[in-house]
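Participant: For this one, chain X is given, so just place chain S with the ligand on it according to the hints.
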Amino acid sequence: MLEQLKGLRAQALEELNKVGNPRELELWRVRYLGKKSNLTQILRSLAALPLEERREVGAQANEIKKALESSLEEKGRLLQESILTSPRESQRVDITLPGRALPTGRLHPTTQILKEICDIFKNMGFQVIEGPDVEWDYYNFEALNIPQHHPARDMFATFWIDTGMGEKARLLRTHSSPMQIRLMEKERPPIRAIVPGRVYRYEATDATHESMFYQVEGLAVDKGITLADLKGTLFDFCRCLFGEERRVRFRCDYFPFVEPGVEVAISCLACNGTGCRLCGHSGWIEILGAGMVHPDVLTRVDINPKLYSGFAFGMGVERIAMLRYGIDDIRLFYSNDLRFLRQF
Amino acid sequence: MKVSLKWLSDYVDIKLASKELAEKLTMAGLEVRAIETVGGTWDNVVIGEVIALNPHPNADRLKLATVDLGTEQVTTVCGAPNISLGQRVTFAHVGARLIDPHTGEVAVLKAAKIRGVISEGMVCSEKELGISENHEAILVLPPDAPIGVPLDAYLGDVVLDLDITPNRPDCLSVIGIAREIAALTGEALRVPEIHYEETEKSIDAFASVDIVDADLCSRYCAGLVAGIRIAPSPSWLQQRLNSCGMRPINNVVDITNYVMLEYGQPIHAFDYHKLKGRQIIVRRAGKGETIATLDGSKRTLNSDILVIADKGEAVAVAGIMGGLDSEVTESTDTILLESASFNQAAIRRGCSHLQFQSEASIRFDKGLNSELPLVPLKRATQLLLELAGGKAAKGVIDVYPGKPKAELISLTTREVKRLSGLKVNIDEILEVLKALGFECREGDSGSQILVSAPYWRSDIKCSADLVEEVVRIIGYDKVPMTRLGSPLPPQKSKLSIEARQSELKDKLRNILTGYGFQEILTYSLVSLGKLQKVSPELELRIPPLKVANPMTREQEYLRTSLRGGLLTTLAHNQKFEQAGVRLFEIGKVFLPQGKDLPEEKDMLCAVLSGARAELSWQADKEMVDFFDAKGVVENLLDQLGLKASFKNSDDEGLYLERRADVIVADGKVGTVGDVQPKVAQAFELSNTVCLMEIDLEKLLTKIAGIKEYRSIPRFPSVTRDIALAIDEQMSYRLVNEIIQSFPLVTKVSLFDLYRGEQITEGKKSFAIRIVYRSPSRTLTDEEVDQTQKQMLDRLDKELGAILRK
Ligand SMILES: [Zn+2]
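Protein sequences, first through last, are from chains X and S.
So the first sequence is residues 1 to 344, counted in my numbering.
So the second sequence is residues 1001 to 1805, counted in my numbering.
Quick caveat, the hints were computed from the structure, so don't treat them as lab data.
Incorrect hints may have been included.
Stated by the list, open to error - Here are the simulated DSBU-like pairs of lysine-lysine, each with C-alpha atoms no more than 30 Å apart in a straight line: (1) S:Lys1127 x S:Lys1019; (2) X:Lys186 x S:Lys1461; (3) X:Lys306 x S:Lys1478.
As the list claims (entries may be wrong) - Partial chain X-side listing against chain S, Cβ under 10 Å, derived: (4) Gln60; (5) Leu107; (6) Lys115; (7) Met124; (8) Ile161; (9) Ile191; (10) Ala220; (11) Thr233; (12) Asp253; (13) Met292; (14) Pro295; (15) Asn304; (16) Pro305; (17) Asn336; (18) Leu338.
The structure displayed is predicted, hence computed values, not measured ones.
Glycine included, each C-beta is placed from N, C-alpha and C at the ideal position.
Isolated chain X (complex conformation) (with noise of 0.2 Å):
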């Protein structure tokens, strides 16, 4: 029986090694392990025995099923891991057809740009607000010291509502800085918010203007706001915008709503500032309009100029669009072709 349990170990290790996946090792399994194979024949029948054979027989039977055990843990490890490893031909594919297509959606550029300046403010602890697209001649001009027949009136060409007799003038705002006077008019200093909108022009369109487009306002009113902070402010916002390397001009200029009045210009992006066809040869590029705000604003919403100040800046969403991508016709952003739109 000693000589039938070593030609079993023999045997089985033999075949073991010939096993090569794991439908052949269950095979083998149940063949030397299995309840009906030899091994188990020999284990059940050692009570039959004389016990010193019982003894020696039990022994080495038990001995080879750890052994066969051990190695069918062993063989089956290194199947798996050959399986997992081993090159299999009925699973090759065509690793060049074209992947399963997931319909894909964008964000308009506009809403794109617009999203990236109300980030930067919001970190500076600017709030979001939103105003009328349609607003009263009072809060986009008288409010804002444009009365009636005030030359700057002429910097807005302005689409008017159809209004009967008597009533009171309504139009598409011309910017975004009514809303300066309706958050005004509600909050109390300090107040610091953003006001993004679309705003229009009656004006003909070319590469350059377009009938409506989007404005980005700011405003910040408290005691001992300065011009220095304005700067500081915008400065940021253009280094977050346009990258550490853009050199930002404030300069003079005139809003009736503001004193003083300043204009932000960065860098050229495209010549750095030696000129070029981009920045009409300045080295410019205008892209803010900004200042104090003017104390008889202030007075108007009853706000003390005399304690308070604060600064205003508007900015149009469109050229800093147009700017970021290289977009040379501002009419692309409106007429919603989608060759244009899905590049953004």
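Facilitator: Same frame as chain X, now just chain S with the ligand:
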């Protein structure tokens, strides 16, 4: 405003290079749009005198001109008819770079043989020199032009093209700009000295002025010069007008323009003898009064417009345009000069009524001070005497009903610091303000002054204006940069309505782009046609707001729906797209509210059309239908934590057979359906278009501010599939409602809808998977069997739905 540096140099020494000067002006608020160089390219062109003219031996129309260039005399062929002996002309040597009059390109001058005579160099026309388009005649310089001097040195100039902001009418003048340069560079300003001889006879003996409407004319000054001779202006004056972009006409008109450019005060010259009754009356025009203006047209006026009239009729539209009848002509010998202050609003109304602007009206409509007119009037008189001869009547007429009051403004160093952040001392402030012509008095303390603005600075009204003056002359670049140090305003709750509105929009944008929708933004203004196309009866229900002055009919009405924009965009893109198109817009619609501002409502609208998926070797090649749009709505609402139900809709823009209202918690929040074939056709859409529309305000009211956590189920579920045969007209909603009414049911999925041979005609079969679960215990098979039996009984009894075996 264009201004020549040579002209400016009359009033201020300019030591900076023109580029640096332009930069300084730009930084200080006078933006230089362009720097134009006159000449600078005239190498080898010098001034000479024509000392001999002989006929060309071989050509009748050509002459041989001998020109004295100081160091040499040259003879050249010339064909210009205006050449004559003694003229000072420009002579180009061989090698000069001139403009070829035929091609317009720059070419280097070469020696040429003209009809057998060798010509070394030539006498130039304005066109060849690039001064104007004139090639008929040679350029003739004034008799005092220095012989032998390079033309560049004599005629060369630099012209700054400035963008003057509406608050600075004083800078629509050469002296105004010179004053800025003086303040910016620390140089002194020199203004013209005016003196001239007057005759014995007082002007009052010649004319009188009566201001009837003093509210529109605060001052009227007039002077009179008799015995003048109309002639062309001297060339220096012509050159200066040209450099500012004005065309020379004759000495009188040119002088009025010159003085206007010099001082910023418009001056008008009347032919005195054409004024009836020797009278100037300043009054409102009568209703329907007409005037023939200098441009040759007949204008009808109204009572908003101010006119200058003589005893009979209007002779000029005040401050805007002269009348033809009182125009200065060749035969004019006596001039009445007008220098007046007209109301800014009246000028603006007049210009907008007449659809006309002039150099004069552009200045008046910015608001000129009534202190201005007198000096320029005298300056014009002086120039008339010098350049057109004649004698000035004694004195001037000065009717001045509206003298403005000068006001004192207090300014402190503290105020400058408070607004600008720039620390300055009182001496620095004084230096700037005095250079700009401000009068400053000492205030109560050493750090305070009392300032009165010069009359030409009507824009200065408060201390903030003075702060700007100080800072812009010192330089905005000297202001430090600081970060906002003031406390933040109280932060708005994320649950505030504004915060939630904007968050909802962001969320919807993210969700929809995730579903493959491209965002578009379309115009708020649309055509009425587009609005009507979307929904034929729309105009009757809510007439949209109309713009009184549309640019085009395409953009005339404020949209009351986003659909038109989306359908137009879809149609526009259809021809370029092989695959299906999915678009959405989130934006405002404008619902009129009578005389009030319209309600501006945020809406979401999305459309799908064409193939369901991109064309691919594996994917679904079917076209989208109603259930794609509905699926989008269901998924989107699910992501917002909402459950939608759908009811029949009466939306006329959608296809009767395939349209539904989207209901959330018993309230309608939107619509979904296929676009009405007629509507689709009107937009030239070929495929079926599915559309969904959601009212964001209504949607927001349904969304709980914060989602509520429910614990993950601890007990296993039991899943059963059933198939029901049911009458064709029974809707799935009825079946679903009965099944969902059993509390143990946690999920119901319809996984097949079958019609056909296996089933009786007029019936359909729903295959439904039902998941049962209890939150408190493990369900037994018996419990589930029992529930399902009750369910099937109800389905049978209430809907006639039979379980298929
Ligand atoms: Zn550039």
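Participant: For which of the previously enumerated hints does the structure constitute a violation, in increasing order of number?
Facilitator: 4 and 15
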